[in-house]
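Those protein sequence lines, which keep their order, are chains A and B.
So the working numbering is basically just the index in the first sequence, starting at one, shifted up by 344.
So the working numbering is basically just the index in the second sequence, starting at one, shifted up by 72.
Keep in mind the hints are simulated off the structure, nothing from the lab.
Misleading hints may appear alongside valid ones.
To be verified - The calculated DSBU-like cross-link candidates involving lysine-lysine, where the alpha carbons are at most 30 Å apart (straight line), are:
id: 1; chain 1: B; residue 1: LYS383; chain 2: B; residue 2: LYS372
id: 2; chain 1: A; residue 1: LYS465; chain 2: A; residue 2: LYS348
id: 3; chain 1: B; residue 1: LYS334; chain 2: A; residue 2: LYS580
id: 4; chain 1: B; residue 1: LYS75; chain 2: A; residue 2: LYS551
id: 5; chain 1: A; residue 1: LYS554; chain 2: B; residue 2: LYS116
id: 6; chain 1: B; residue 1: LYS278; chain 2: A; residue 2: LYS558
id: 7; chain 1: B; residue 1: LYS334; chain 2: A; residue 2: LYS554
id: 8; chain 1: A; residue 1: LYS551; chain 2: A; residue 2: LYS579
id: 9; chain 1: B; residue 1: LYS116; chain 2: A; residue 2: LYS551
id: 10; chain 1: B; residue 1: LYS75; chain 2: B; residue 2: LYS116
id: 11; chain 1: B; residue 1: LYS276; chain 2: B; residue 2: LYS75
Note that the structure is predicted; figures quoted are calculated from it, not measured.
Here is how the chains run, residue by residue.
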Amino acid sequence: MGIKVGIPSALLYFYYYPLWEKFLQGLGVEIVLSGPTSRPIFARGVRLANDETCLPVKVFFGHVATLQQLEVDYIFLPRIVSMERQTYLCPKLLGFPEVVTALIPDLPPVLTADFNLRKDKRELDYTLQAVGRQLGFTLKQIAPAIAAAKLAQLRFEHLMQAGQDFTLALKGRGVESSAPESGLTIAVLGHAYMLYDGFSSLDLQSKLNKLGVKVVTPERVPPSLIDQQLAELPKKIFWSHSKRILGAGYAFGVDPGVHGLIHLSCFGCGPDSMVGDMVERMCRRYAKPFMMLTLDEHTGEAGLVTRLEAYVDMLTRRAELESNVSAHG
Amino acid sequence: MNKLYLGVDVGSVSTNLVLMDDFGAVNQGLYLRTQGRPLEAIQKGLAQLKLGGGEISGVGTTGSARNLAAAVLGADVVKNEITAHAVAASAQVPGVQTILEIGGQDSKIIILRDGVVSDFAMNTVCAAGTGSFLDQQAGRLNIAIEDFGEIALTAQMPVRIAGRCSVFAESDMIHKQQLGHHMPDILAGLCEAMVRNYLNNVGKGKDIQGPVVFQGGVAANKGIRKAFEQALGLPIIVPDNFSVMGALGSAILAREAVSSGKTSKFRGVNVTSGNFAATSFECSGCANLCEIVQIGLEEKVLARWGDRCGKWGVEQSTSAASGASA
């Protein structure tokens, strides 16, 4: 039996899993995932996490504790400081390898490394090499795994840009046929670990789909368009994920094919509080309907459903009115 | 026989029923306390309705228990509170551009332009500044909630009370009492604090333009009404049926839903005698352990909800759900 590495299906999993997966598989390592967030995982997380943190971090604790029970040789807890030039991740995420090991006793050995690409893209190779060496592999064995991993990550990002469903894109499955677009399109902004975690987001996307709405997310927007949208800002946004959310928000805001924007935020998220407000101001300028939804561990479904229904009702009535106006004008 | 439309709004604090005639006039409006037992409140309300020779030809439900009410009554339309309130206000005050709604546990603002909702917001995580808090404070000061507004209007110099959080507001009020301020000044101060809080939180960034309609149970409070007028510098209209606007909106939507000659799904007024029961169980099908709620009439299961995967759905509940998305 080879080495078994446990990966929490939470937080940065939603951004970088294809990279990690292909890299570890390329080394012949077996990956054990904690699986989709469920009630028991969530309950474990809330019990273990420090109380002042945000919902996604609490959920993450639950995933780590779940892996603890699955007999793995290592738990992969990378510290991702920066994945692109001149940006950082949120401090809560930077600190989590230490916070998690301090708060969850008797964890299996932690496999970690600092991913810091703020100054130099080549750091990615060096960091992955460090991870591979911790597992006892040679540079010669590691090099092809790195190349394959980078390709897989790139493919995943392209698939997301093409509008593929998150779970399918994660598997590298290509977009088969694009369904004819009709009805309302709503852009849902937020962190990937909220948007694509059905449990944490209270199935927001499928709820909207059931209301007959097509959903687009920040991962649809190519990085070049995001940079272009943010070029006018007096200051650079230095949180990488918030940069994507804001740039995508601006792009969707001016896109006539997007009927409204929803910002799905989690209670206690510092960057969200600013980014959300900036998107809202932009929406007001372009008279685009905007709704902010804040989720926390106690959030009830009923309140969410009411808001979504009312929002979709509003967009439908507006769309009808606008098409009437243009028919007469 | 006269055609009547029944609108039912089952909220956390109150359950309201409206009987509306074919011309949109309110025949009867009932405001009942839900008291945590929505099923009983609906049945009690139905029993109190006087049809007077009319016939119920359409039923609409709204409020946080709208699906429950729809399953029990057999509703033709199930709509969220925002839409229902906007529909009712537009009917009562044509040309309305802003709706301020403060209910028992939630508060909302709805902005309309050209008769269509263009923006809305609801209070977020906290219930500070809603009816329940006023109720609680009136109880603590030993005054009837009905007299609250009148007393506040007699204030000479309203005191300043922190309205951001109901816990702070309460300690602030106690402090002002101990300093010897008069009751009317304290009550008026509380009204102003609530309005400030509402406009800062719920009304943040909203384009408030007249005509402004104030509705929901709290609109009965003249002190709050005056505080809104002062803060906005606009006249505030409180419609006749301010406390049952959600139910009225549902009745209007019900009339719309059956306008094409459809027969109502209404189970009939004898629903009151039926033995409805809500039971719940935990589904052990997967790790999510969803709590399933099941509404039954005698032996028959009318509706189930609470499951994330949809495997517990029954036919009636799907019809209610499709009504919600219409």
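Worksheet item: Which hint numbers doesn't this structure obey?
Response: 3, 4, 5, 8, 9, 11
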